[in-house]
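K.L.:
Protein sequences, first through last, are from chains A and B. Residue numbering for the first sequence is 7 to 157, as defined by our numbering. Residue numbering for the second sequence is 42 to 795, as defined by our numbering.
Just to be clear, a hint being listed does not mean it is correct.
Simulated pairs of lysine-lysine, DSS-like, Cα-Cα distance not exceeding 30 Å [stated by the list, open to error]: (1) B/Lys187 / A/Lys149; (2) A/Lys94 / B/Lys236; (3) B/Lys717 / B/Lys739; (4) B/Lys302 / B/Lys461; (5) B/Lys739 / A/Lys152; (6) A/Lys152 / B/Lys673; (7) A/Lys94 / B/Lys135.
These aren't lab readings, by the way, just hints derived from the structure by calculation. If you're wondering where the values come from, they're calculated on a predicted model, not measured in any experiment.
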Amino acid sequence: MATFNLNINGKSQSVDVDPNTPILWVLRDQLDLVGTKYGCGIAQCGSCTVIMDGNAVRSCSIPVSAAEGTKITTIEGLSENGDHPVQKAWMEHDVPQCGYCQAGQIMSAVALLESNPNPSDTDIDNAMNGNICRCGTYVRIKKAIKTAAKS
Amino acid sequence: MTIVKTKLNRRSFLKASALAGGGLMLSFSWLAGCKPSPKEVALGLPDEWFELNAFIKIGENGAVTLYNPNPEFGQNVKTSMPMILAEELDVDWKNVWVEQADFYPERYGRQFTGGSQSIRQGWQPLRTAGATARAMLVAAAAQTWKVPGNEITTEPGFLIHQASGKKAGYGELASLAATLPVPEEVELKDKKDFKIIGTSKKNVEVNKIITGKPLFTIDYNKEGMLVAMIEHAPAFGMRLKSFDAAEAKAMPGIKEVFSFKVHLDEYEHNFFDTTTHYEMIAIVGNTTWEVMQAKKKLKAEWEIAPEKSIMQSGFGGNASKVKIPAGLESTEGHRARMEEFSKKPGNILRRDGDPEAAFKKASKILERTYNAPYLAHNCMEPVTCYAHVTADRAELYGPIQAPEVISNTLSARLGLPKDKIQINLARMGGGFGQRAYGHHLVEAAVISKQVGAPIKMVYTREDDMTYGIYRPTYTATYRAALDENNNLLALHVKAGGIPETPIAPNRFPAGALDNYLAEGWEIESNITIGAFRAPRSNFIASAEQSFLDELAEEMGKDPIEFRLDLLKRAKENPVGSRNDYDPERYAGVLELVREKSNWGQNQPGIHRGVSAYFCHNSYVAEVLDLRMEGNKPIVENVVAAVDCGIVVNPDAAANMGEGAIVDGIGNAFFGELPFKDGVPQKNNFNTYRMIRMPEAPKNIDVHFVKNDIDPTGLGEPLFPPIFAAVSNALYQATGRRLYNQPFMKELESGITRM
Ligand code: FES
Ligand code: FES
Chain A
7 MATFNLNING
17 KSQSVDVDPN
27 TPILWVLRDQ
37 LDLVGTKYGC
47 GIAQCGSCTV
57 IMDGNAVRSC
67 SIPVSAAEGT
77 KITTIEGLSE
87 NGDHPVQKAW
97 MEHDVPQCGY
107 CQAGQIMSAV
117 ALLESNPNPS
127 DTDIDNAMNG
137 NICRCGTYVR
147 IKKAIKTAAK
157 S
Chain B
42 MTIVKTKLNR
52 RSFLKASALA
62 GGGLMLSFSW
72 LAGCKPSPKE
82 VALGLPDEWF
92 ELNAFIKIGE
102 NGAVTLYNPN
112 PEFGQNVKTS
122 MPMILAEELD
132 VDWKNVWVEQ
142 ADFYPERYGR
152 QFTGGSQSIR
162 QGWQPLRTAG
172 ATARAMLVAA
182 AAQTWKVPGN
192 EITTEPGFLI
202 HQASGKKAGY
212 GELASLAATL
222 PVPEEVELKD
232 KKDFKIIGTS
242 KKNVEVNKII
252 TGKPLFTIDY
262 NKEGMLVAMI
272 EHAPAFGMRL
282 KSFDAAEAKA
292 MPGIKEVFSF
302 KVHLDEYEHN
312 FFDTTTHYEM
322 IAIVGNTTWE
332 VMQAKKKLKA
342 EWEIAPEKSI
352 MQSGFGGNAS
362 KVKIPAGLES
372 TEGHRARMEE
382 FSKKPGNILR
392 RDGDPEAAFK
402 KASKILERTY
412 NAPYLAHNCM
422 EPVTCYAHVT
432 ADRAELYGPI
442 QAPEVISNTL
452 SARLGLPKDK
462 IQINLARMGG
472 GFGQRAYGHH
482 LVEAAVISKQ
492 VGAPIKMVYT
502 REDDMTYGIY
512 RPTYTATYRA
522 ALDENNNLLA
532 LHVKAGGIPE
542 TPIAPNRFPA
552 GALDNYLAEG
562 WEIESNITIG
572 AFRAPRSNFI
582 ASAEQSFLDE
592 LAEEMGKDPI
602 EFRLDLLKRA
612 KENPVGSRND
622 YDPERYAGVL
632 ELVREKSNWG
642 QNQPGIHRGV
652 SAYFCHNSYV
662 AEVLDLRMEG
672 NKPIVENVVA
682 AVDCGIVVNP
692 DAAANMGEGA
702 IVDGIGNAFF
712 GELPFKDGVP
722 QKNNFNTYRM
732 IRMPEAPKNI
742 DVHFVKNDID
752 PTGLGEPLFP
762 PIFAAVSNAL
772 YQATGRRLYN
782 QPFMKELESG
792 ITRM
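Chain B on its own, in the form it takes in the complex:
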């Protein structure tokens, strides 16, 4: 039993208020459709709702609505976050329906999807919200029945006083409970008593998804709404010079064509304000197809943009000047510069022992360099946003992972106070980090303001793939010093990228080695980048785990055994004090994957690779099996072992893990966005190869370590290690180590660039 304070942070968002007739929170109920869902019909809509707190309202008939605070982009928080509420509230999941909360941080606290943090950071607040509402229902029963509160127990949806035999549904006491003071402290359930958490519940939206109900921003429609598209510069490093709109404007169904600035000059950027194109052309008309046709008739001239600097805040605030260099960059040039930087000394990020001396006395040095290209996120739903901006208010509906940050940007751009800007959170057709950057909300708002009408802005796939905010390109060089007995003396990593280094210097294998050196470097660029599922980790894991595989072989060790030896050292006698992982939990997933994959029992024709990584507070090890059909690898099976603490919704968690594995295999095999003279060389799926069903593993098994540690990240951690599981298995299959992503290209080229 744990007692917690209900005032969780500076916002005491558990304040209750009676809420009649559903009002307030249902301001955006078009999503529910005019027709109640079959479940809602079966449960019966109540005549009146009583709000116990922002997350929970209960109808007089016992119906329970739970609000999912965080933006949903496929990670299934809309199911798992309410499950946590339902657990502590003690209701039957069958009797619950779930709604998406609007962006309303005063009520919901943190409303951010990113960094695999929703469940980790929502865990305590949601449990507390559920337990608080339950405590208020108990207090209402105690008052009504005139019995002490501590004699009242609950069973799902009911309050019970054993001694007197009294029993009442939550609905009967909800009206009184909603008026009672919020208790200062509440008791949380014992984890061993969980009935909902840890059992698989279906996605609360699955019915709407499979019947094609309007769910996404692109599906949104409103009386008088116009459709807008944009034209951005064709290349990074270019900007609008002039344009002739006459022909486009004369096309059927077209209302307006104009250029607009995304930000005002001298604007100080927020952290997620990454913007590639500061000035764009908007084409606004009646229907999508008409606007698409008119867009083709636009005659725009673009010119080389000069160097520019902007003020931008860091993740935690603190603005600094950021330079956006001039120039039309190409992948060729990037490679040359990265090679040059790899050879120069970098910034020392961590140094243990005396690595230089160890390398001097080494009898053998293994040195390998790994490269990976830019990647486009390619969310299935292209960038889109609905906006309706009038003189005194703005209403937006869009796919956004970080609404709080963009509300500041909107306020600055529109000159409206934040409380006049309503951001409603759409289900996103994918996000993967890219939808943390809310430029599209600003663009849609500016367009709406200019045309004086509600608009829905939609990017074409080509606009989406070429506008920027990519996964950066990276290079890492690993060196290991071995003595004459093949003992590992020192490890050195130097890694960088455009425009950031991928190194997390205090992660494994730091802490396991007496002599360790990590150096980073970065090259500036005007090609915009942003978070992409496990930023930085998604590259450095691939390099590190490929290198450890090769090093283990060099040392004559089994690759799992080798990692376990290092982890044993990190546990028993760690080097340095800032190591940010728990070696025991890390070893735990390696041991579990060894067992579940029957490691060591090789099947004929099957080639295996292993890899592991720690990020987003979670531990993952993966074994990938493939066979070759001619030159084509066929992935037969992937076994993953995951330690992310308590798993709220196991089957959905496995789905997310499977997705991360498929995503990683796809990017490892095919993912690549090259540039020439600032122009992205791929702009749609005919040239940008995505993984498709035949290339996906035939089977994936995700195993979770069972413990009762509070939950940690899940959406990202299965992604980084799979890249090296692919390359390590391909090495077993072909006898060739692969150092350059995408691997299929390297495999087909027959040339290894090291």
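Bound-form chain A, shown alone:
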């Protein structure tokens, strides 16, 4: 066990956990931020995607010990009321089915648009390739990303 000082959604938080604990489980079990989901635990599905210093990362595969000194944004920190442009585009296209993957999809999309405000179809495909949607909402996700890019 060790104490780690984290910056999550602009707030300083300290947690006392095993240094190997992935950020995902610190968020979910210690900080009660359950929007970030577990899907595979091996960086293959993207359900656990958060933004760390501007990059979309798989929080299931990064230990909390590597998180100190970074700024992490989770789905809960994107906006107060769901009015981030990407969230609004998601609503406009009524993207979700079961919804389980969508926090991860949104975080990947946000990171993409922050670094590339006008992505091509190929840019979108590449950026979103790490996020599985078992319900198959890809066509809508892509449309929503394009809508968000325009706003």
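Starting from the known structure of chain A, fit chain B with the ligands onto it as the hints suggest.
P.N.:
The following block gives chain B with the ligands in isolation, referenced to the frame of chain A:
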């Protein structure tokens, strides 16, 4: 105008009772969060709720809460079922909020998600519930205003008496309405007057989903709750021999490690009680990560399980003995046995005319065999369940499509009467049929009982992918007899699988052919299987529709024209009397897809495949366009035509259709779960390939046939036909017919096994 009786079935669940302060139904209100949603704030929470029936309560301020009776797993019933209530109740959708009903069949009747039946079977009860509540509000207004009820009209949320100019909001009369007797009969709206049904409404949960609010079982938390994980046998055909828990138990945060039996010995299984692992090890501790670490330290020994038989009821009851054979099975061995069974005579499922004689006199016979592997459901949310079991009651919260069935199982396993078992219905992170099988509720309950604390059980992805309840592996051989002029004389299908045949013998093309023979066979196995989005149809459609494509080519016909010819025959002069499809509606979707896809106008570099199928009472035809980038197919476009009767929520219905198409393309390209010595050869997404965005179609258009037939299935019917649309398009692109799923593997292998 239709008059219906309000007593819909043996349960008269429209009984009203005044409900003060929201009580009763809000027993599980953590989902709503402590903070009311922005919509709830805008509408204003009422001081008092009045329950008009189980589905509807109205506040004194006019706020309306509608209850979605069925489990939600992404098919969006939580929006579309309340839309039906709102339509007949005549309220403004903007002023409605929706809650998930707990499992309470005495109040809600059928609470089951599966077989694409929610809207079809909920249609009449929900319309009746809405109309009944409206009638009671009208009666309350009539009584208050002392005017005849038939002079009162409604406009959304308001009661109006034109002659006297009186007008009141529903909220003002709800308290009186709730005390009035339920009318014996009510009038339903004319379909042409629908204002909500048929207009697109956003998913009522979309805000919570995109802001990451706790919605799923895995998100659930409660004071004192522990986390549990399980360890199951590594292979089908194995069972627990012994284990050493010392090291696991010594790990930080671990409370208990023990083995447990899922069912008691001699237990008579319910229909959805499919269980792979009868004994498991539970690891219980404080946090998920700690339990995961301890799980790795477990030292368990497994042994070959002997043959076993269980008593199991069929879908409608009637228990029979089911044998679970011994042995460690492999895909190689499955193939050999399936080949052997394909050659032997099967059970005759349907026989029209004299097919044997027709084959004898044929001048040409086309014979093709199609194969498909086991598939894992891979719901995005791994198996999980919350349970709190005490000496005299059990409370569960979990992803479950069939709560009624599992409540019986829980009652038997826990020794508690059903009314002491509360099952709350979680939003599921996918289900696809697999969550109809509620073993996880039993496992969680047994673990909770043993540790004497509330627990949340979570499977790792590896546990989830390897525990069973898969889509079976299948084989189908199709034969067609042609005369010297290429006229079709007879069709013969023989199909089977492990452990079931995929044939629906009374479906198209049965009924369109003078000579038709359908045979089935099955091979038993200890690898457990279960419903997977359009069970059986999802394979047999792929084989049948690929074969019809090849047959049309052989006969020199356009593939759509060929199907339409057969359907014309089935309509005008059907063979046999048990055909379970309507040839006209079937032809209708083919005609619509032909028009919408501009069939016949080929674009350079684009290769098209068509396919159609009828299942879950609905008709679907699909055209898929792809182009090749080297050896890689890129799906450009899919056009679907669907006849599922009235569409309640068109945009959400299209979303569901798009999802089924993407799901089907993914499984057609990549889906496969092989076995070796009983061990599933894939256990996570690094080896089990799922479709990802670059492989999904660039565009999908779903067109619905417009009619006013009562709604039929939608979640499944778009799935089965897409497999053959893929293979038929790949044939156009590569000149190679593909007979073995997953197609990308066959395409890359260069070897065709026929
Ligand atoms: S849970 Fe992290 S990528 Fe799947
Ligand atoms: S919406 Fe269900 S997994 Fe993406």
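K.L.:
Which of the numbered hints above does this structure break?
P.N.:
1 and 3
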